[in-house]
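> In case you want the letters, here they are:
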Amino acid sequence: MSSTFDTSHLPFSLLDEAEQALLQRSLDIAYYQQGEVIVTAGAQSEGVYIILKGRVSESEERSNDGTALAEQVFVHYQADDYFGGWSAIRGRAIHNFVAEEETICHILPTRVLLELMSGNSLFADYFAQNLAVKSEIVAQQDQDQDMAEFMLAKVGSGLMQTPLVVDEGTSIREATVLMRTHKADSVLVRKGSRYGMITKTDLLEALVIGELEQSADLVQIASFRLVTVSPDDYLFNALVLMTQQHIERVVVMQQQELVGIVALTDILSYFSSHSHVIGLRIERAQSEVELQDAAQRLNSLIKSLVSHGVKVRFAMDLLAAMNGRIMAKLFDLMIPSNMQPHVCLVVMGSEGRGEQILKTDQDNAVIYRDGLSWPAMQVTLQRFSDRLVEFGFPPCPGNIMVSNPQWVNSLGDWTQNLSDWAGTCDGEALMNLAIAVDAKPVAGNPALFKAGRNWFLRHLRNNDLFFSHFTRAALEFDTPLTFFGNLQDKAQLDIKKGGIFPVVHGIRAMALEYRVLATNTFSRIEALVELGQLQAEQGAELGEALALFVQLRLRQQMRRLEASADGQDPTPNLIELALLNKMERDLLRDGLHIVKSFKKHLALRYRLEV
Amino acid sequence: MLFPRTLRRFKDRLDHRHGEHGPLFVPYRGDEVVSLDCETTSLNVAEAEILSIAAVRIRGTRVLTSERLDIRLKPPASLDADSIKIHKLRAADLADGIDIDEALRLVLEFVGNRPILGYYVSFDVRMLDKYLRPRYGFGLPNKTIELSHVYHDIIKWKSIGGTVDLRFDTIASRLDVPIIERHTALGDAITVALMYVRLKYGEAPSAGH
Numbered sequence: 001m002s003s004t005f006d007t008s009h010l011p012f013s014l015l016d017e018a019e020q021a022l023l024q025r026s027l028d029i030a031y032y033q034q035g036e037v038i039v040t041a042g043a044q045s046e047g048v049y050i051i052l053k054g055r056v057s058e059s060e061e062r063s064n065d066g067t068a069l070a071e072q073v074f075v076h077y078q079a080d081d082y083f084g085g086w087s088a089i090r091g092r093a094i095h096n097f098v099a100e101e102e103t104i105c106h107i108l109p110t111r112v113l114l115e116l117m118s119g120n121s122l123f124a125d126y127f128a129q130n131l132a133v134k135s136e137i138v139a140q141q142d143q144d145q146d147m148a149e150f151m152l153a154k155v156g157s158g159l160m161q162t163p164l165v166v167d168e169g170t171s172i173r174e175a176t177v178l179m180r181t182h183k184a185d186s187v188l189v190r191k192g193s194r195y196g197m198i199t200k201t202d203l204l205e206a207l208v209i210g211e212l213e214q215s216a217d218l219v220q221i222a223s224f225r226l227v228t229v230s231p232d233d234y235l236f237n238a239l240v241l242m243t244q245q246h247i248e249r250v251v252v253m254q255q256q257e258l259v260g261i262v263a264l265t266d267i268l269s270y271f272s273s274h275s276h277v278i279g280l281r282i283e284r285a286q287s288e289v290e291l292q293d294a295a296q297r298l299n300s301l302i303k304s305l306v307s308h309g310v311k312v313r314f315a316m317d318l319l320a321a322m323n324g325r326i327m328a329k330l331f332d333l334m335i336p337s338n339m340q341p342h343v344c345l346v347v348m349g350s351e352g353r354g355e356q357i358l359k360t361d362q363d364n365a366v367i368y369r370d371g372l373s374w375p376a377m378q379v380t381l382q383r384f385s386d387r388l389v390e391f392g393f394p395p396c397p398g399n400i401m402v403s404n405p406q407w408v409n410s411l412g413d414w415t416q417n418l419s420d421w422a423g424t425c426d427g428e429a430l431m432n433l434a435i436a437v438d439a440k441p442v443a444g445n446p447a448l449f450k451a452g453r454n455w456f457l458r459h460l461r462n463n464d465l466f467f468s469h470f471t472r473a474a475l476e477f478d479t480p481l482t483f484f485g486n487l488q489d490k491a492q493l494d495i496k497k498g499g500i501f502p503v504v505h506g507i508r509a510m511a512l513e514y515r516v517l518a519t520n521t522f523s524r525i526e527a528l529v530e531l532g533q534l535q536a537e538q539g540a541e542l543g544e545a546l547a548l549f550v551q552l553r554l555r556q557q558m559r560r561l562e563a564s565a566d567g568q569d570p571t572p573n574l575i576e577l578a579l580l581n582k583m584e585r586d587l588l589r590d591g592l593h594i595v596k597s598f599k600k601h602l603a604l605r606y607r608l609e610v
Numbered sequence: 001m002l003f004p005r006t007l008r009r010f011k012d013r014l015d016h017r018h019g020e021h022g023p024l025f026v027p028y029r030g031d032e033v034v035s036l037d038c039e040t041t042s043l044n045v046a047e048a049e050i051l052s053i054a055a056v057r058i059r060g061t062r063v064l065t066s067e068r069l070d071i072r073l074k075p076p077a078s079l080d081a082d083s084i085k086i087h088k089l090r091a092a093d094l095a096d097g098i099d100i101d102e103a104l105r106l107v108l109e110f111v112g113n114r115p116i117l118g119y120y121v122s123f124d125v126r127m128l129d130k131y132l133r134p135r136y137g138f139g140l141p142n143k144t145i146e147l148s149h150v151y152h153d154i155i156k157w158k159s160i161g162g163t164v165d166l167r168f169d170t171i172a173s174r175l176d177v178p179i180i181e182r183h184t185a186l187g188d189a190i191t192v193a194l195m196y197v198r199l200k201y202g203e204a205p206s207a208g209h
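If you're matching them up, the sequences are chains A and B in order. Everything in the first sequence is counted per UniProt numbering, starting at 1 for the first residue and increasing by one. Everything in the second sequence is counted per UniProt numbering, starting at 1 for the first residue and increasing by one.
Note that these hints are calculated values from the structure, not bench results. Remember, predicted model here, so these are calculated numbers, not experimental data. One or more of the hints may lead you astray.
[To be verified] Here are a few chain A residues that sit away from chain B, every Cβ distance over 10 angstroms (derived from the structure): (1) G192; (2) E428; (3) R607.
[Claimed, not checked] Okay, the calculated beta carbon distance ranges per label pair: (4) B:K156 with A:R25: 35 to 43 angstroms; (5) B:D153 with A:R25: 30 to 38 angstroms; (6) A:E537 with B:P178: 36 to 44 angstroms; (7) A:R90 with B:H152: 42 to 50 angstroms.
[As the list claims (entries may be wrong)] Far from chain A, by Cβ distances over 12 angstroms, these chain B residues were calculated: (8) L14; (9) H21; (10) S42; (11) A46; (12) E47; (13) V111; (14) G112; (15) Y136; (16) S148; (17) D153; (18) I154; (19) D165; (20) T170.
Beta carbons: idealized from backbone N, C-alpha and C, even for Gly.
Generate coordinates for the entire structure from the input sequences, incorporating the hints supplied.
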């Protein structure tokens, strides 16, 4: 059978041979003149339209009396794009589809679409589901490679821990103390030439359920039927063993000789590329130099995480945790211990939300106890900021950092600032406020920060005017959807203005209103869903859209960083559409669509004129 | 070859309109056109043999590719290296082909009395007639529409004088119609169908060179 339709790209590539043949047999081709309405909102849809040539716009339904509302074009489709799938499944079209140019489309009739969907769940998911599922399918398609790498790693490749070994006759009490000092969560007891394993759980159960004395011999509770692997075994096999046997550690033996233990958590974190190794280095750093060394490894960690296909959201969480630990540790090293209970270091902005991936500007502040007398404070904080720069955290261009005395405040001044900013509605005050409400304590005494935050949240209660002003910023930039017509050659868009900021800020405003304490946007979304302020579906879609924007941005950022001579990227928020494949453009478009409807939701909710 | 086609059609009609194939000779009243294309071993009707036949119906602005006719025939003896280069059909590709009697039956059934559209359509019709006449005693009685004439008339109407480039690829690009699988019967039939729809319903293309 000769084929006249190219099935090589998604979602049609998900179909098997017989299904593709059915597809080929079922397509018609239609021609539309410029301006012709292909599908009318509310009318029955014939099926899915796949564009062969031309350009089609999707726009909002017109009002009943036929007068066009300020007609809002959501999306443009062009060659190889498809549209109408959603309408076909629902039976009725939700939007108008109009040929902007002469257009030739393949039409896949609804009947056949449904048949294909009922036979192929992946294809069905792709068509019927929301953005989240789509991203998942795309991710699956290019994951095989990483998986292979994972499966080929050997047990002996640096994941083993040295086991804590004790001799027969050691008491439960002694073993517990040893485990604590060695930070081990299991211990091996030697009896003759054999080893028995005891975990923390075993100890606990022996004492509580078995009612053994603390002086009882460990051998009594050890399990001598060890599950072992060799250092040459694949890590994956070890994982399978653990799953089969419902255990969390296996012992590594090389020819009857004990060489180590591999724990489930280690295997799982293998994906995160030795992240805990860096974590340990941070924890153990005794000097600023050692800490700097650990900090500088973070960039390559993130790179490898992302190239291993770890979800951006988890990478962000991990990096936020790492950055937080670095700052906390540096703070510990630099701030005199007698002052530490009286000051609190907070990180703000994206750092406070835990949404940085590449180290971006430091946004931080210090809140100190009212009436604290510490003359050297500003000098020390200046040095702290400088040190962070050396660690690879660039200074904040807006100078929002502790080296700037404006951001070093007593608790009283801090709350005063917040309330002043909330009272004036000018741009700079609102920007400062937006940065400050994302604050999160990382070092020193967190009670100082909490007192300020709680006071502020009470202060804002029922201040509708404030929320209306505050939220407005989320609607400030247009969603760059209509630029899609040009995307093949030169188009680029600022993803921060167009996608990230409206979501982050809108969610921030709602979180503030409902006194959600989380600062991370994803967590805030979850909390708002929990509170019933966002619909579950809307929340999930917003989260996915945001993750997608961040991921696309990150990939292009990394590419630019690698290409640039000085390691700087002057345009961190730029997305060059030409570098995206068709699938990614599809996803991006869907994502922006979600942002657009969220903005509408905000405008309605806070009575903003768009 | 002795009588012009119009005369033969007239005679065929007199002979056959009350016969078994009478419906083919009734003037067509519907709104459909069939775009038809044959791939052959040569461009000389006398010696050429048919390798494949494809046809699609056109209804209004729709090209009904879902109701296509796409036939491959048994490999003829004359299939040689030169023709293989053009249509890329080897004997092996035609191994599961059907014989010409079955093919003719399917074509007559699919086309009915609808007008036949093609690019250089008289060649395709003459090719089919060559096989049809010895078996049925008549040639295709259908009205034919020559795509390049339709195109020519519109272009000429737009620009008086000058020559018009009637090459297949030129027409397709001037009409901004995607060329689907050039040199397969089905691809050509669909492309011609699209060009026809475009000419009939779209803005006249500019006459520029």
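> Against this structure, judge whether each hint is valid.
Hints, verified against the model:
1. G192: Nearest chain B Cβ is 74 angstroms from G192 (chain A), so the label holds.
2. E428: 53 angstroms, holds
3. R607: 46 angstroms, holds
4. B:K156 with A:R25: 35 to 43 angstroms: At 39 angstroms between Cβs, range holds.
5. B:D153 with A:R25: 30 to 38 angstroms: The hint (30 to 38 angstroms, Cβ to Cβ) holds, given that D153 (chain B) and R25 (chain A) are roughly 35 angstroms apart.
6. A:E537 with B:P178: 36 to 44 angstroms: 38 angstroms, holds
7. A:R90 with B:H152: 42 to 50 angstroms: 46 angstroms, holds
8. L14: Label holds. Min Cβ-Cβ 38 angstroms, cutoff 12 angstroms.
9. H21: 28 angstroms, holds
10. S42: 21 angstroms, holds
11. A46: Non-interface label on A46 (chain B) holds, nearest chain A Cβ at 28 angstroms vs cutoff 12 angstroms.
12. E47: 26 angstroms, holds
13. V111: 18 angstroms, holds
14. G112: 19 angstroms, holds
15. Y136: 28 angstroms, holds
16. S148: At roughly 19 angstroms from the nearest Cβ of chain A, S148 (chain B) sits farther out than 12 angstroms, so the non-interface label holds.
17. D153: Holds, because the least Cβ-Cβ distance between D153 (chain B) and chain A comes to about 19 angstroms, which exceeds 12 angstroms.
18. I154: Since the minimum Cβ distance to chain A is about 15 angstroms, I154 (chain B) lies beyond 12 angstroms and the statement holds.
19. D165: 21 angstroms, holds
20. T170: 17 angstroms, holds
No hint from the list above goes unmet by this structure.
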